[in-house]
Each structure stands twice: as C-alpha cells, then as structure tokens.
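J.: Residue numbers (the UniProt record's numbering): 1 to 332.
Rather than coming from a laboratory, the hints here were simulated on the basis of the structure.
Don't be surprised by glycine CBs; every beta carbon is placed ideally from N, CA and C.
Certain hints may be false.
Said to hold, decoys possible - In the DSS-like style, the derived pairs of lysine-lysine whose C-alpha atoms are separated by at most 30 Å in a straight line are:
hint	residue 1	residue 2
1	78	99
2	104	213
3	258	78
4	288	196
To be verified - Between beta-carbon pairs, the in silico distance windows are:
hint	residue 1	residue 2	range
5	236	112	35 to 45 Å
6	281	63	53 to 63 Å
7	131	87	32 to 42 Å
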Amino acid sequence: MSEEKNEEIPYDSDAPSTEDDSDDYIDEEESKVPAPVIKKGRRGTVMAAAVTVAADWAPPVYEKGDSEKAALIDAVSKNVLFSELAQAELDVIIGAMKKLEYTKGDDIIKQGEEGDLFYVVEDGACEIFVEGVGKVMDIGGFGSVRNFFGELALLYDAPRAATVTAAGSVTAWGLDRVTFKKILQDQTQKQRSLYKTFLEQVPVLQPLSVYEKLTIADAMAPKTFPAGENIINEGDEGFEFYIVESGEVICTKNLDGKETEVSDPLGPGDYFGELSLINNENRAASVKALKDTTCLTIDRKTFKRLLGPLESMLREHEELYSKYVEDAKTSS
Numbered sequence: 001m002s003e004e005k006n007e008e009i010p011y012d013s014d015a016p017s018t019e020d021d022s023d024d025y026i027d028e029e030e031s032k033v034p035a036p037v038i039k040k041g042r043r044g045t046v047m048a049a050a051v052t053v054a055a056d057w058a059p060p061v062y063e064k065g066d067s068e069k070a071a072l073i074d075a076v077s078k079n080v081l082f083s084e085l086a087q088a089e090l091d092v093i094i095g096a097m098k099k100l101e102y103t104k105g106d107d108i109i110k111q112g113e114e115g116d117l118f119y120v121v122e123d124g125a126c127e128i129f130v131e132g133v134g135k136v137m138d139i140g141g142f143g144s145v146r147n148f149f150g151e152l153a154l155l156y157d158a159p160r161a162a163t164v165t166a167a168g169s170v171t172a173w174g175l176d177r178v179t180f181k182k183i184l185q186d187q188t189q190k191q192r193s194l195y196k197t198f199l200e201q202v203p204v205l206q207p208l209s210v211y212e213k214l215t216i217a218d219a220m221a222p223k224t225f226p227a228g229e230n231i232i233n234e235g236d237e238g239f240e241f242y243i244v245e246s247g248e249v250i251c252t253k254n255l256d257g258k259e260t261e262v263s264d265p266l267g268p269g270d271y272f273g274e275l276s277l278i279n280n281e282n283r284a285a286s287v288k289a290l291k292d293t294t295c296l297t298i299d300r301k302t303f304k305r306l307l308g309p310l311e312s313m314l315r316e317h318e319e320l321y322s323k324y325v326e327d328a329k330t331s332s
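Model the full assembly from the supplied sequences, consistent with the hints where possible.
T.: Right, here's the structure in full:
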C-alpha cells in the first residue's frame, strides 16, 4: 500500500459563481444563485431524462472555414464537458454549431426560460445578471478564461438560472439541445460502462453493491501523469483518493534526509491516498509515476460518503505501509 464537479454538479454560466474558473465543478451550496430543482437518482447522483432520437436522426451541419473550425476545436476541447470526447464526436459538435450575431443590449438567454442552445462566445463580451442579485459575472470571447455558457439547463432539463446580455457586438456559436445531449449522453454511458467494468476488478471495492459501484463510476475523474512526476507529495494536505487505471507508481518517504521507497510498485487496480482522507492528516508519503500513468480520482467528500463502509479494509494498508517504513529504516 501506499499512503498517502457530496453532491456536485457541473458549473454553468446559467448558475453563476465567483469560484475560480480553473475548476469547473463546484458544490451546489457555493453557487450564488438558488439551484434549480433537479431530479436526483441513486445515492444523490444528479441526472436528467435521456434524449431520444429517431433511428434516422442526423445532427445539423453548418458550413465553416478551416480557421473557424480550428478556433472552435481549440475553445471547445478545453471545456471539461468535451475534453474526453473522441475526435469523431468532437467533429460532430463543431459541425453542428451555428454562428450567431448579437448587438449591445440583446438578451441571449433569459432567466426562467427553457434552454435550447449551448453557447461559445467567439468575440465580444457578455454580462450575466440574476434577478434580485444583479450582475454576477462577465463572459469573454476566444482566449478568455470563460467563453461559454448555457450547459446546465441543457444537461439537467432545468430552466435558465440567469440572464446573459450582450455588452456590445457579440459573435457566438450555438449548439442545439439534441446534439449536445446526444453526444454527451453517449460519451457518459460509454465512460460509465468502462469504469464499472474496471471497478469490478478492484479487490477492495468488491463488498460494494452494483449501484454503489455505478455511483463511484459516475463520481470518478481521470487524471494523467507523465513518468517521473509526483502525483502527491509528502506533507501536503490530502484531497483525493486514487485508483491506478493504467501505468505504475511507487510510494516514497523522506527517511533521514533520503528519499526512500516504502512500497512495491503499484499498478492497475491498486490504490493510494486513502490514509490521509481516513485519518484527516497530511500525506505521509509521496507517490511518483514510474511510467505514464492514468489514475481515477475521487474527491474527499465522495470518498467519505461512498467508501466509509470500507474503512476497516482500507486500514489494512496502513499496517502494510507501516511495515514497509520500518523495513526501509532497518535496511538504511
């Protein structure tokens, strides 16, 4: 062993927040606007009705120049919602985007209305207003920290939670609800199936029910680390639990001024980071990628809620870790 967006919903400009835009997932209670009523499924998972289409359905395609396509791909691929899409799926998203022009004062979306489009702003600036609050945020064009809005209403069949107004001339691209949901729905189902299959092979998770594993699969976020990079550092505060999906890592600890290995290499199905979360202590060791490695991560709150019943099993690794440290001290 090793050492060491709970109910979270994707952030949307429909529900503005002052949170740093580097993190697209926020706790519901942190939103500045009352969250819309959203249907909830198993163990708190937020969900919306799946979109159904005719067998002969095809997404719309709007002509674009090569430079427009390249700029849209760059903007969209940086969005957490689309970052895991295959190229073919990304091409469908880009092809279905329609160019839209607005003038100063135009309300692009209105609070309380049904959402029909997801927007990416190419040029210009938009302002977000919430009834009873006032202006809460600005949206910029390509190259801005945040240049998109409208996703939450489409994902979760919720009314718009804010009004977005053009601050001047605005050029934007709109993606229709059906294409948006169909592509993301297919991607989410494929990802969930892959993660569920993987989790069924992780020994420590075997006591969990099928539904609990599915809930974990929904909550997982993949993170990739190049060979040689430290995934966690000894002494840091712990925020996540890690399961190795591919690659290999090693746990090390500073003993008498020397970085010493305190575990066997950990590979697919192995996990680390649990002790810091269980014991509410800082990381007791560092973990480094020996190869290019992908880990599936679970945040602290979800870990406590879903894996709490497995604490006794997870603590078995604490004893093994202590043994490795003692052996390392003896050999040094």
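J.: Go through the numbered hints given earlier and state which of them the structure violates, listing their numbers in rising order.
T.: The structure breaks hints 2, 3; every other hint is satisfied.
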